[in-house]
Amino acid sequence: MTIETKRLILREMNTDDFDGLSAVLSDSEIMKHYPYSFDEARIRGWINRNIERYRIFGFGLWAVCLKETGEMIGDCGLTMQNIGGVIKPEIGYHIRRDMQRKGYACEAASAVRDWTFNNTPFNEIYSYMKYTNMPSAKSAMSWGCKKVDEFPDEVNEITHVYCITKSEWKDIKTNG
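In my numbering, the protein residues as written are 1 to 176.
Everything labelled a hint here was simulated from the structure, so no lab data went into it. Heads up, a few of these hints could be off.
What the hints assert, rightly or not - Below are the EDC-like pairs computed for lysine to aspartate or glutamate, each with C-alpha atoms no more than 16 Å apart in a straight line:
| # | residue 1 | residue 2 |
| --- | --- | --- |
| 1 | Lys170 | Asp98 |
| 2 | Lys170 | Asp114 |
| 3 | Lys102 | Glu124 |
| 4 | Lys6 | Glu90 |
| 5 | Lys146 | Glu168 |
| 6 | Lys146 | Glu90 |
| 7 | Lys130 | Glu154 |
| 8 | Lys88 | Asp149 |
| 9 | Lys173 | Glu107 |
| 10 | Lys67 | Glu107 |
| 11 | Lys138 | Glu107 |
| 12 | Lys130 | Glu150 |
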């Protein structure tokens, strides 16, 4: 499975992606909004969970690679997440620090959003994050989400939830 955008290729992760993913998930600045830091075992587990998701669901977090060089700069994709006690489809993303603020998260997430609405039965897609994670919230809004909920929880203290519906997506595609 491959998704191509103007500057990116999103493809299934594999065990060869360990170093590229490590540069993202072991970066304490990038992961400061995550409940724990990633060591080698957690990174390998992350890759293996996504390989299993591809097998079970046909989707998961995909490797985000620069089209020009093939270099992996992060991950982005669709996973099923427990959001406020309900399992919902969620787009998540992590982009390497030196590649942030270049529009890659928005470009990748927009492609995953389009793929999701074109290839799954989901009528809503979510993105959720710790209330202090403003970069992630801004990225969610950039690909069409609106804040729809917030709730206290043990992991994030307060979680913010963003969503885009299929009809809102169709409006974006029709009206730009």
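The hints, checked one at a time:
The suggested pairing of Lys170 with Asp98 is violated, with an alpha-carbon distance near 33 Å, which exceeds 16 Å. This hinted pair checks out: Lys170 and Asp114 have alpha carbons roughly 10 Å apart, not beyond 16 Å. Between Lys102 and Glu124 the alpha-carbon distance is near 26 Å, which puts this suggested pair outside the 16 Å criterion. Restraint check: the Cα-Cα separation between Lys6 and Glu90 comes to about 23 Å, which exceeds 16 Å; the hinted pair is violated.
About 10 Å separates the Cα atoms of Lys146 and Glu168, which keeps this hinted pair within 16 Å; it holds. In summary, the hint linking Lys146 to Glu90 is supported, as the alpha carbons are separated by about 14 Å, within the 16 Å threshold. At roughly 11 Å between alpha-carbon atoms, Lys130 and Glu154 fall within 16 Å of each other, so this suggested pair holds. Restraint check for Lys88 and Asp149: satisfied, since their Cα atoms lie roughly 13 Å apart, inside the 16 Å limit.
Our distance criterion of 16 Å between C-alpha atoms is met by Lys173 and Glu107, whose separation comes to about 14 Å. Note on Lys67 and Glu107: the hinted pairing holds, with a Cα-Cα distance of about 12 Å set against a maximum of 16 Å. At most 16 Å may separate the alpha-carbon atoms for a hinted pair to count; Lys138 and Glu107 meet this at roughly 13 Å. Between the alpha carbons of Lys130 and Glu150 the distance comes to roughly 10 Å, so the proposed pair stays at or under 16 Å and holds.
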